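Put chains B, D and E on the given structure of chain S with help from the hints.
Protein chains: 4
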Amino acid sequence: MPERIRVTVWNEFRHEKSNEKVRKLYPKGIHHTLAAHLKKQAGFTVKTATLDEPEQGLPDKLINSTDVLLWWGHQAHGEVADSLVDKLQSRVLAGMGLIVLHSGHHSKVFRRLMGTTCNLRWREANEKERIWVVEPSHPIARGLGEYFEIPHAEMYGERFDIPTPDKVVFLSWFEGGEVFRSGCTWQRGHGRIFYFRPGHETYPIYHHPDVLQVLTNAVRWAAPERYFEHSCPNPAPLEAIRG
Amino acid sequence: MPERIRVTVWNEFRHEKSNEKVRKLYPKGIHHTLAAHLKKQAGFTVKTATLDEPEQGLPDKLINSTDVLLWWGHQAHGEVADSLVDKLQSRVLAGMGLIVLHSGHHSKVFRRLMGTTCNLRWREANEKERIWVVEPSHPIARGLGEYFEIPHAEMYGERFDIPTPDKVVFLSWFEGGEVFRSGCTWQRGHGRIFYFRPGHETYPIYHHPDVLQVLTNAVRWAAPERYFEHSCPNPAPLEAIRG
Amino acid sequence: MPERIRVTVWNEFRHEKSNEKVRKLYPKGIHHTLAAHLKKQAGFTVKTATLDEPEQGLPDKLINSTDVLLWWGHQAHGEVADSLVDKLQSRVLAGMGLIVLHSGHHSKVFRRLMGTTCNLRWREANEKERIWVVEPSHPIARGLGEYFEIPHAEMYGERFDIPTPDKVVFLSWFEGGEVFRSGCTWQRGHGRIFYFRPGHETYPIYHHPDVLQVLTNAVRWAAPERYFEHSCPNPAPLEAIRG
Amino acid sequence: MPERIRVTVWNEFRHEKSNEKVRKLYPKGIHHTLAAHLKKQAGFTVKTATLDEPEQGLPDKLINSTDVLLWWGHQAHGEVADSLVDKLQSRVLAGMGLIVLHSGHHSKVFRRLMGTTCNLRWREANEKERIWVVEPSHPIARGLGEYFEIPHAEMYGERFDIPTPDKVVFLSWFEGGEVFRSGCTWQRGHGRIFYFRPGHETYPIYHHPDVLQVLTNAVRWAAPERYFEHSCPNPAPLEAIRG
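Protein chains in written order, with the numbering used here: chain S, 2 to 244; chain B, 2 to 244; chain D, 2 to 244; chain E, 2 to 244.
It is possible that some hints are incorrect.
What the hints assert, rightly or not - Here are some, though not all, of the chain E residues that point toward chain S, as calculated from beta-carbon distances under 8 Å: (1) Gly96; (2) Arg131; (3) Pro137; (4) Ser138; (5) Arg143; (6) His191; (7) Pro225; (8) Glu226; (9) Phe229; (10) Leu239.
Hints listed in this document are in silico derivations from the structure and should not be mistaken for laboratory results.
In this text, all values refer to a predicted model and were calculated from it rather than measured experimentally.
No residue lacks a Cβ here, since even glycine has one placed at the ideal position from N, Cα and C.
For reference, chain S alone in the conformation it holds in the complex (with noise of 0.2 Å):
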């Protein structure tokens, strides 16, 4: 591993252009609010990168040094390149952790990690949503009490279509009745994969404490100790063959 953490996030940027309540929120956009605490917080190397620039802000060269990437997009999942997705994916098996932020349910990296159609039940009503630490001795867990509180809150329920979880860190309970997996791992080749719930773009849910210290927790939990190549191998026998 880098002496330093070298995390990209990367943003959709779009809602922030289009919608004042947004921008007012996250006035450089949720990438820039998000870098600012990882860089302040734990002093990572931190880049960001938005649908909208050339190579759709992930140039090989910046895939092939970042650590950790974290993912928020919504509304233009489908204008991500395919070919793109391929690297990703092929980034996060050799070792690149992968967080995935909020609507990135339904982003292709995530999609394809999964397998599934990472389907939920949704709603937009202003509600609390209440987070359960269901494993506080897990690493993304550090330094939060039983619980933490979002006053409001888009809600995402279950059935939540994803493989079973490694861990379920967070469980999350909604004032309008109902229960999510809110936070969640998996391993996929050599990557560590977390998906974390809270994040809407029209509440600030970015400038929340113990969010900003589950994303810290989470990029260092995340990020490999070193990179592996894919290979298929046609060994030789290690001990005679009798035939």
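Same frame as chain S, but now just chains B, D and E:
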């Protein structure tokens, strides 16, 4: 679940046409050998399908009336249409069972559902394989002893790049010195998936009674009780929101 | 598997004797209510057993002819003999299914099989519980909708100190603000274990049709196909050792 | 986590006293060999403890200042006091790491935490073992190649009666024809558990550099960040109950 499980055996069916040795073992193709067994031993309703048939053997009507699909492919994985893979993935997520055989580890449909490279170590050296039953109480192991042997097999060795299986039912020992997770289960969406290693085209492996027993067991295990719709519902709150 | 599944419902049977409210709900005891249901709905062969009977209700002959054991206990966990717990553990590891109900989370036999404290958060406040079906295609969820409700329940909340379940079938939402993994499966040895949260003695929960449906489903799911011996064999080599 | 990980190596320490061959390999006992290595290679704070010391080597003060406990036992498992096992289980559930070595699969503490018999197949025939690294990106596999070999080993073979591990890091191939899940991880409560197969008393296995590397890695992986209290809280509602 329909009263009789509806099975489709899909085979690439190329080796049998070009290679005399394979043709001698499977004169009408691997699919015919497997289908005949599954009809006779278990009374399933069995159809076959091959790559060079119209719609690559799998028109929508057949896909949508298949409860369990067996998949054998090797040299022509790349020829399988992505649009067909989309349909098969969707059908598995809705509940159809999928049994992936041997070199099918590199098929598009298996890699799509796993999200990983599915790479492995391999060797053709005519060596002995001993398949240990690690989970004797799993339905797929019904009727087997502690292990069974295949006198001459192609070797597949670890690391096998797959997501951690729900259950590892079989582990293989190879004469040349390797080991392999030879029988693995996963659930994706509502569908059950079983990968089963044995089955090279130049050995009479699909005439081996224990191998055939495993396939019968696996079909019964993978058959769904019912099918589910994919959706992303947007319901009203179940409880009052105080706002 | 015997043609008809042999079920034993074990109940501590103390609250019903000392508490008028409980006696009104379950005049002959919780065990009688559950046994009558399981006989009638599913045609199982059902026996009952209670703590104050000889051999605490479970002589060897009954243990060894039980395919699935349901366990309800609360105030007298400590009175159950360790030697009985040894036998029950051994029978589960050989294949017997075990369904642990509600306050049975703290029973000796459940803690023995889990290896953890099985602690949880709890409250008696007459609150509403909504039980979400997270794995609708699991056999234990057969016949249920997206969720079902219990109008007045004791609350159990996370963190629930259990090993990561094989599958979390149900998640509960509580009116008072908590969430809980209410339906969890594990395999230990050759036995299948299901923990099911609903069931407080002062509410008519074991008269609720969805609760009863879950228990019928769970018995079918947990019943073994066969039983296995415990052993530590010391066999000769299968292959020549060169030394 | 304390700045330096506090490791205790517990050894039954009987074979070394009664068997000349064992004494030659481990003149001061297996615990001394392991402790010296862990101090030297990794700079851990290491203590040792043996069965015939007062309080079986593990007074409360030592238990409560141990971050990772290594456990080697074989012929005297039955002599370990149940009250000590209670304390060790409790400490693991609070966060202490536990590394169980070789014949420790039958120790009381391991069986207590697993809930199963931990039975396996075994043979002493001086045979070769090749240990495959199935999860090369797991922290416990740091610094290893694709596999490593032990020229003369006692054989342990499947079926190994354990709960499905969180991760199987190592799989063994044995010259005599068996396979084994040789490196397995679980979490119980807040503690991390690693079982590692190699280590018979009559072979110089604890002088093997790869075996020692694994143990160093495993201590780092198993050390907790903090400890947790066990409790069963009974809190007031967080939301109003309408009743």
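Here is what the structure says about each hint:
1. Taking 8 Å as the C-beta contact cut-off toward chain S, the hint placing E:Gly96 at the interface holds, the least distance being around 6 Å.
2. Nearest Cβ of chain S to the Cβ of E:Arg131: about 7 Å, under the 8 Å cut. The hint holds.
3. With a least beta-carbon distance of about 6 Å to chain S, the hint placing E:Pro137 at the interface is held under the 8 Å criterion.
4. A cut of 8 Å between beta carbons decides the hint on E:Ser138: the least distance to chain S is about 4 Å, and the hint holds.
5. Given the 8 Å rule on beta carbons, the hint for E:Arg143 holds: about 7 Å separates it from the nearest Cβ of chain S.
6. For E:His191, the interface hint holds, the least distance from its beta-carbon to any beta-carbon of chain S being 4 Å, beneath 8 Å.
7. Below 8 Å, beta-carbon pairs count as interface contacts, and E:Pro225 has one with chain S at about 7 Å; its hint therefore holds.
8. Taking 8 Å as the C-beta cut-off, the interface hint given for E:Glu226 holds, the closest approach to chain S being about 7 Å.
9. Restraint check, E:Phe229 versus chain S: the minimum CB separation of about 6 Å is within 8 Å; hint holds.
10. Because the beta carbon of E:Leu239 sits about 7 Å from the nearest beta carbon in chain S, less than 8 Å, this interface hint is met.
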